[in-house]
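Asker: I would like the entire structure built from these sequences, with the hints used as guidance.
Top line first, the protein sequences correspond to chains Z and B. Remember, the numbering used here sits 75 above the position in the first sequence when you count from 1. Remember, the numbering used here sits 203 above the position in the second sequence when you count from 1.
In case anyone wonders, no lab produced these hints; they're calculated from the structure. Be a bit skeptical, because a hint or two may be false.
[Unchecked claim] The list that follows gives simulated cross-link-like pairs (lysine-lysine, BS3-like), each with its CA atoms no further than 27 Å apart: (1) B/K245 - B/K307; (2) B/K245 - Z/K88; (3) B/K245 - B/K259; (4) B/K270 - Z/K132; (5) B/K307 - B/K205; (6) B/K307 - Z/K132; (7) Z/K88 - Z/K132; (8) B/K270 - B/K205; (9) B/K245 - Z/K76; (10) B/K245 - Z/K132; (11) B/K259 - B/K205; (12) B/K259 - B/K270; (13) B/K307 - B/K270; (14) B/K307 - B/K259; (15) B/K205 - Z/K132.
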Amino acid sequence: KAGVTQTPRYLIKTRGQQVTLSCSPISGHRSVSWYQQTPGQGLQFLFEYFSETQRNKGNFPGRFSGRQFSNSRSEMNVSTLELGDSALYLCASSSQGDYTDTQYFGPGTRLTVL
Amino acid sequence: QKEVEQNSGPLSVPEGAIASLNCTYSDRGSQSFFWYRQYSGKSPELIMSIYSNGDKEDGRFTAQLNKASQYVSLLIRDSQPSDSATYLCAVNMDQAGTALIFGKGTTLSVSS
Chain Z
76 KAGVTQTPRY LIKTRGQQVT LSCSPISGHR SVSWYQQTPG QGLQFLFEYF SETQRNKGNF
136 PGRFSGRQFS NSRSEMNVST LELGDSALYL CASSSQGDYT DTQYFGPGTR LTVL
Chain B
204 QKEVEQNSGP LSVPEGAIAS LNCTYSDRGS QSFFWYRQYS GKSPELIMSI YSNGDKEDGR
264 FTAQLNKASQ YVSLLIRDSQ PSDSATYLCA VNMDQAGTAL IFGKGTTLSV SS
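Answerer: As structure tokens, this is what we get:
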């Protein structure tokens with residue numbers, strides 16, 4: 076099976092712009108989670124989608140949003156970008172979305188905000 | 204605020220030695236515990252998952268869980284230079300989904 080794919084892999088934006096990142100889960104996986112990784116804060120949970128519904132949300136401002144489509148592909152959007160949004164954004168998928176499930180991570184999207 | 208704590212390291216061990224990585228968590232209700240390995244510039248990959256008290260072994264890796272002490276550890280036997288990476292401890296946020304709370308990771312360096 077193909078792994079989790081994320082596009083684009085690298086992105087450079089300026090403050091105030093918005094950005095959309097895309098994630099395609101492993102075929103058959105129904106749960107998609109998004110994480111932000113920075114050197115200072117480490118890996119932090121953003122949100123999780125299961126069957127097109129947001130099931131859980133981390134402690135991030137409303138500028139961060141996401142959605143999941145009927146084919147389980149997911150997008151996340153960050154509006155009004157700030158310098159502190161520069162990070163590696165990782166998407167992870169799991170098959171049943173159960174708390175014991177293994178999550179498989181994609182390669183990430185490296186976002187740089189200038 | 205649920206937290207997962209790890210020593211940042213670096214933890215340096217010689218080739219062939221046992222590396223011991225430790226993690227504590229704040230939420231007594233946590234049920235699922237995971238160890239991920241992350242090489243520089245790469246995404247995390249799962250090494251071990253553990254759900255019950257005690258030890259779980261997989262090849263050179265042993266995960267240990269003590270829920271009473273809220274403590275998880277990972278032992279790497281016969282450490283190899285290829286084990287040099289950052290090891291992330293993760294705990295499920297709740298039982299409603301797959302959301303994980305990660306520690307900030309321990310950097311392991313294995314010298315040949």
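Asker: Which of the stated hints cannot be reconciled with the structure, identified by number in ascending sequence?
Answerer: none
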